[in-house]
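Listed in order, the protein sequences are those of chains A and B. Counting from 1, position 23 in the first sequence corresponds to residue 23 in this note's numbering; the numbering is continuous, with no gaps. Counting from 1, position 44 in the second sequence corresponds to residue 44 in this note's numbering; the numbering is continuous, with no gaps.
Don't take each hint at face value.
[To be verified] For lysine-lysine, the following BS3-like pairs were computed, each having C-alpha atoms within a straight-line distance of at most 30 Å:
{"id": "1", "chain 1": "A", "residue 1": "Lys75", "chain 2": "A", "residue 2": "Lys122"}
{"id": "2", "chain 1": "B", "residue 1": "Lys75", "chain 2": "A", "residue 2": "Lys14"}
{"id": "3", "chain 1": "B", "residue 1": "Lys14", "chain 2": "A", "residue 2": "Lys14"}
{"id": "4", "chain 1": "B", "residue 1": "Lys14", "chain 2": "A", "residue 2": "Lys153"}
{"id": "5", "chain 1": "B", "residue 1": "Lys153", "chain 2": "A", "residue 2": "Lys75"}
[What the hints assert, rightly or not] Label-pair restraints from in silico Cβ distances:
{"id": "6", "chain 1": "B", "residue 1": "Arg212", "chain 2": "A", "residue 2": "Val199", "range": "22 to 30 Å"}
{"id": "7", "chain 1": "A", "residue 1": "Pro121", "chain 2": "B", "residue 2": "Ala181", "range": "32 to 40 Å"}
{"id": "8", "chain 1": "B", "residue 1": "Lys14", "chain 2": "A", "residue 2": "Ala216", "range": "37 to 45 Å"}
{"id": "9", "chain 1": "B", "residue 1": "Glu123", "chain 2": "A", "residue 2": "Asp126", "range": "25 to 33 Å"}
{"id": "10", "chain 1": "A", "residue 1": "Pro137", "chain 2": "B", "residue 2": "Pro121", "range": "47 to 55 Å"}
{"id": "11", "chain 1": "A", "residue 1": "Gln149", "chain 2": "B", "residue 2": "Thr214", "range": "43 to 51 Å"}
{"id": "12", "chain 1": "B", "residue 1": "Arg21", "chain 2": "A", "residue 2": "Val45", "range": "33 to 41 Å"}
Read the hints as simulated data drawn from the structure, not as lab findings. Since the model is a prediction, treat every value here as computed from it, not as a measurement. Every residue gets a Cβ at the ideal spot worked out from N, C-alpha and C, and that includes glycine.
2 protein chains.
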Amino acid sequence: MPEDSVAPSTARTKVRRLADRGRYDRETIDSILDEGLVCHLGFAVDGQPWVMPTTYARVDDHLYVHGAAANFALKTLASGVEACVTVTLLDGLVLARSAFHHSMNYRSVMLFGRAERVDDPKEQYDSMIAIVEHLVPGRSSDTRLPTPQELRKTLIVRFALDECSAKMRTGGPLDDAEDMALSFWAGVLPLSIVPGAPVPDVEQPAPDYVNRWTRAR
Amino acid sequence: MPEDSVAPSTARTKVRRLADRGRYDRETIDSILDEGLVCHLGFAVDGQPWVMPTTYARVDDHLYVHGAAANFALKTLASGVEACVTVTLLDGLVLARSAFHHSMNYRSVMLFGRAERVDDPKEQYDSMIAIVEHLVPGRSSDTRLPTPQELRKTLIVRFALDECSAKMRTGGPLDDAEDMALSFWAGVLPLSIVPGAPVPDVEQPAPDYVNRWTRAR
């Protein structure tokens, strides 16, 4: 792994407990961000924390989020407050022999920093396309593209992937030795996000990129 | 809907934009909390926001989260700082004719308040059982139950459901009138969390409540 692909570990990003679950390489971080659909934006106003779900896209070394120009979260983030953005993928439920050792398999990324407002029209346009393409690969070439007026109605901010870390749990249950002989079933129930049948707005066969949509690794 | 089942709308919980997406009745709020598996805990320390994913369970009028006694997020929450807890269910991708009107169908709950540390051993025990049962209904009667020593190693906090609101988007794309004649496919791709085949820790048939696990409504 080349040195420049490693996000430096800082006091904020260093995984404190269960340190073997921490990952700091951009390959891991990017793969989680690129698989996720929703991020949770955290910020505080007058000491009151807010956690807002929204979609996003990663483009190179930035994560972009957008919303209406009047959106409270976006306006607050664009003002440059400290933020934390978290993306969590739930991979499975871990059923241990003891209630105490029940757990989840997951992969998450936590990103710290201040948002930058995106004012360049080309970057605004590209990031809006990137978000559509992130949600539904193939869609951006099969939709009516954004107009300058639509871009003016949209507030877009970006976060540099400078200070971020991944955390994950994989594998089976970790039971205490003295519980291993118990007869309770133990194992993992894998979970994934699966599409149902597309629901057309007007009767029209769905395109291939919709019918084949998957978030499976 | 009886009056006492309605969480009062406050300056924090009132849904500001797209107000028709806001819901304040406990039936809606509880159904989202009971379907979700992961919440995102938001809090700030010295102005720095943190957003941490974890599991939880609702019991009556409280949401319980737990972790190791040394867990940074739990210790911070137990100290009584202001918090925001968000649960988000992703129901579908909304493909509009225009890139601009792409959206997501979702249901989310946002809860504000300060955590209370749970010190009563019976409430600790019950909430640990509730979390196992919330993840895998039927499991709590088929696992080795928590010991007093395990409860001492666990930090449990609860949030009262006093100040919370739900927000949701349902239905198809909302395109501009002038885009309706465009030939791009438009509609919704429904998404849900689906279990795979259980992976046993040692060869043993999975119990019915594992094989039948579903989070479908």
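Hints, verified against the model:
{"no.": "1", "hint": "Lys75(A) / Lys122(A)", "in the structure": "holds, 20 Å"}
{"no.": "2", "hint": "Lys75(B) / Lys14(A)", "in the structure": "holds, 17 Å"}
{"no.": "3", "hint": "Lys14(B) / Lys14(A)", "in the structure": "violated, 35 Å"}
{"no.": "4", "hint": "Lys14(B) / Lys153(A)", "in the structure": "holds, 23 Å"}
{"no.": "5", "hint": "Lys153(B) / Lys75(A)", "in the structure": "violated, 42 Å"}
{"no.": "6", "hint": "Arg212(B) / Val199(A): 22 to 30 Å", "in the structure": "holds, 26 Å"}
{"no.": "7", "hint": "Pro121(A) / Ala181(B): 32 to 40 Å", "in the structure": "violated, 27 Å"}
{"no.": "8", "hint": "Lys14(B) / Ala216(A): 37 to 45 Å", "in the structure": "holds, 39 Å"}
{"no.": "9", "hint": "Glu123(B) / Asp126(A): 25 to 33 Å", "in the structure": "violated, 52 Å"}
{"no.": "10", "hint": "Pro137(A) / Pro121(B): 47 to 55 Å", "in the structure": "holds, 51 Å"}
{"no.": "11", "hint": "Gln149(A) / Thr214(B): 43 to 51 Å", "in the structure": "holds, 44 Å"}
{"no.": "12", "hint": "Arg21(B) / Val45(A): 33 to 41 Å", "in the structure": "violated, 21 Å"}
Violated hints for the displayed structure, listed by number in ascending order: 3, 5, 7, 9 and 12.
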